[in-house]
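Novice: Residue numbers (my numbering), protein chains in the order written: chain A, 1 to 257; chain B, 1 to 358.
Incorrect hints may have been included.
List time: in silico EDC-like cross-link candidates among lysine to aspartate or glutamate, alpha-carbon distance up to 16 Å [claimed, not checked]:
#: 1; chain 1: A; residue 1: K130; chain 2: A; residue 2: E172
#: 2; chain 1: A; residue 1: K94; chain 2: B; residue 2: D217
#: 3; chain 1: B; residue 1: K10; chain 2: A; residue 2: E136
#: 4; chain 1: A; residue 1: K149; chain 2: B; residue 2: D16
#: 5; chain 1: A; residue 1: K130; chain 2: B; residue 2: D217
#: 6; chain 1: B; residue 1: K350; chain 2: B; residue 2: D16
#: 7; chain 1: A; residue 1: K74; chain 2: B; residue 2: E336
#: 8; chain 1: A; residue 1: K190; chain 2: A; residue 2: E174
#: 9; chain 1: A; residue 1: K94; chain 2: B; residue 2: D16
These are computed hints drawn from the structure, not numbers from a lab.
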Amino acid sequence: MSGEILLSVDDVSLSFGGVRAIADVSFDIRKGEVRAIIGPNGAGKTSMLNVVNGFYHPQKGEITYRGRTRARMKPHEAAEQGIARTFQNVALFKGMTTLDNIMTGRSLRMKRNIFWQALRHGPALDEEIKHRRVCEEIIDFLQIEHIRKTPVGALPYGLQKRVELGRALAMEPELLLLDEPMAGMNLEEKEDMSRFIVEANRLRGATIALIEHDMGVVMDLSDRVVVLEYGRKIADGVPDMVKSDQKVIDAYLGAGR
Amino acid sequence: MFYREAGQYKTTYAADMAIFPIRQDRYGLALILLIAFVAIPAFGNQFLINTMMIPFLILSLAAIGLNLLTGYTGLLSLGTGAFMGVGAYACYKLETFFPQVNILVWIVVSGFVSALVGVAFGLPSLRIKGFYLAVATLAAQFFLEWCFARVPWLVNYNDSGAIEVPSETLFGLSVTGPTATPVTRYLVVLTIVAAMAWIASNIVHGRIGRMWMAVRDMDIAAELIGIRLLRAKLLAFAVSSFYVGVAGAMMVFLWLGAAEAEAFNIDLSFQILFMIIIGGLGSIVGAFFGATIIHLLPIALRALPAMVGLSIDAARIDQLTFMITGILIIVFLIAEPHGLARLWQTAKQKLRVWPFPY
C-alpha cells in the first residue's frame, strides 16, 4: 500500500476575507491508497478538496502532484492531469440521461472536431462507439443498466450518487476525490457504494481521497486518515491510531474544550 | 397501434445511438421529406410556397440556431434578429463585390461572418449569465441595428437605405431576384434547411452537444470534467450565429427580395425566441413546431373564416388572429411548460404502449 507520493499538500492556508478555512495544513496522498479526510462540520474538508482541484487558490503553501509543484491551476487543468471529483450535493447534468452524463466524462478523451461531429459518420461515429463501450462497462460495474436512458433529474438520490461516481470513473482518473459519497444513504446503499469504492480503488487503480462522516465506513475503507478541525490538522495516520487519538475524540465529542 | 418498436432489436451500439432508432420514426421522416421535396413543389400554389413554406423554413432555421445557444447551452440571447441581419448584409456586400461567385457560396460564407460577430459579442458570456447576458446581447441587437441603418457602406451608398437582391442564377436557373420562381427558391431553401437541421442534430447528439448541455446544466461540474467553459460557450455562439446568419441571408435573398434595417429589429429576435420557448428548448424538432405556431398558425387562422363561409372584415380577422394565437400559446405552455417537443415525446411514449397506460 505504501506507494510513492502522488499528491502532497504543504503548509496550505486558505482564507475568505477574515475567515480562515484552512490553516497551515500538510499531508500527502500515496499512489493506490484510500485516504480519508474527516472532521466535524466546517473543519475545511471540502475547502481542502476545492484547493486540490483548483477551485480555490490558497494564499500560502504548495501543492505537488505527480512530482510537479504547481502555482495556480484551473479546474479543467486538474481534470486534464487526471483528477476527478464528486460533490457533496450531487452535481449531475440534470437534463441529460445517465448514459450521456457518463459519456460526458469521456469528453477529454474524445478528439474528433466539429466537422466530423457534424457528419456523425466514419471516425466520429467510431470514436463515439469506442467510448460508449467504456461507458457501458462502467454502467455494468455500477449496476445501473436499467436507468441508462433515464434523465438523471428524475432519479432517486442514491442512484444519482452512483451516476455521479460513474461519471467520475469515466474519466479514468488517477486521483479520485469523493466528497461525502454516502451522505443521506441507507445501510444497503452505503454497502453498495463502499463496494464500488473498494473496487474502483483495487481493480481500476484509482487513488482515492474520501470525505465521509460515517466513521464505520471510514475506518473500514481507508488506509490512512487525516483529521481536520477548525481548518487545522489535528491527527494523521492509520485508522486505529486516529481512533484512539485524544484530540480526535475531543473534537468529535466536544470534550476538553 | 402502428407505433410499436416490439421486435426491433438493436444489436450494435451504432444502431442504438442512431438519431431515429425506431423504424416508424424513420418512415415518418422519409414521408415528411417526400412531401416537402416532391408533393409541395408539384401541387402547392404560390401562396402556400411563397407566404407559408419559405418563411416557415427560414424561421425554423433561425430557431434551430437560437436553440443551439439558448436551449442547449443555456445562454439567453436577444440578439437573434441582429445576427440574422449580419448574415443578410454580409451576403449583400459579398454578392455585390463579387457577383460572379455563386450565390449559394455567399449565403454560406455570410454565415461565417455572422459567426465571427457572434463570437465577439459572446465574449462577455464567461462572466455574466442569465438575464444579464440577455441584456448584453440586447446591446448587440441595438448596436448592430444602428449600424445597418447608419453605415451607408453596408448598403453600398444606396439612396433608399435598403438592400436589394440582384438576380442570380445557379446552373442556368434563376435563383434569386424578381425572375426566380417561388418553386426554385423553395427548393433551394428546403435543401439548405434540411441539410443544416441534419447537421445540427448530429452535433447535439455527439461530444459537442453533450459538452454544451453540461455547461447548461451544471457549469462547475462541466469544468471539472475538463470542459473549458469559455471555449464551449464561444463555440455555441459561433455555431448558433452561423445558423442564424444563414437564415438571415436566405430571408433577404430567397424570401423578401429586399430589406431595410427595421426588418432585423428586436421584434424578430423575440419572434424567434418565442418559437423556441413554445417549440421546446433543447430540441431540433421543437424549432419546427415553434415556427409552425408562430408563423403558420396565424396564417391558417386568417384563412379560416373565408373557408367556412363567414364574412368578417379583414381588420377584425387580424385582431381575432392575434387573440386566438395568444390564447393558444398560453394553453400550450400550461399543458406542457417544456414546449411542444416534450408534448410530442409524451404523445409518442403513450402511443408506444397504447391501449395500456404503461
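Novice: Now tell me, hint by hint, if it's right for this structure.
Specialist: Now for the hints, and whether the structure bears them out:
Proposed proximity of K130 (chain A) and E172 (chain A) is supported: the alpha carbons are some 15 Å apart, at most 16 Å. Taking the CA atoms of K94 (chain A) and D217 (chain B), the gap is near 6 Å; set against the 16 Å cutoff, the hint holds. With a C-alpha separation of about 15 Å, the suggested pairing of K10 (chain B) with E136 (chain A) holds against the 16 Å cut-off. Distance hint between K149 (chain A) and D16 (chain B) is fulfilled; the C-alpha atoms sit about 11 Å from each other, no more than 16 Å.
Among the hinted pairs, K130 (chain A) with D217 (chain B) is inconsistent with the structure: their alpha-carbon atoms are about 25 Å apart, more than 16 Å. Between K350 (chain B) and D16 (chain B) the CA atoms are separated by roughly 21 Å; this puts the pair beyond 16 Å, and the hint is violated. With a C-alpha separation of about 40 Å, the suggested pairing of K74 (chain A) with E336 (chain B) is violated against the 16 Å cut-off. Proposed proximity of K190 (chain A) and E174 (chain A) is contradicted: the alpha carbons are some 23 Å apart, above 16 Å.
Between K94 (chain A) and D16 (chain B) the alpha-carbon distance is near 22 Å, which puts this suggested pair outside the 16 Å criterion.
When held up to the earlier numbered hints, the structure conflicts with 5, 6, 7, 8, 9 and fits the remainder.
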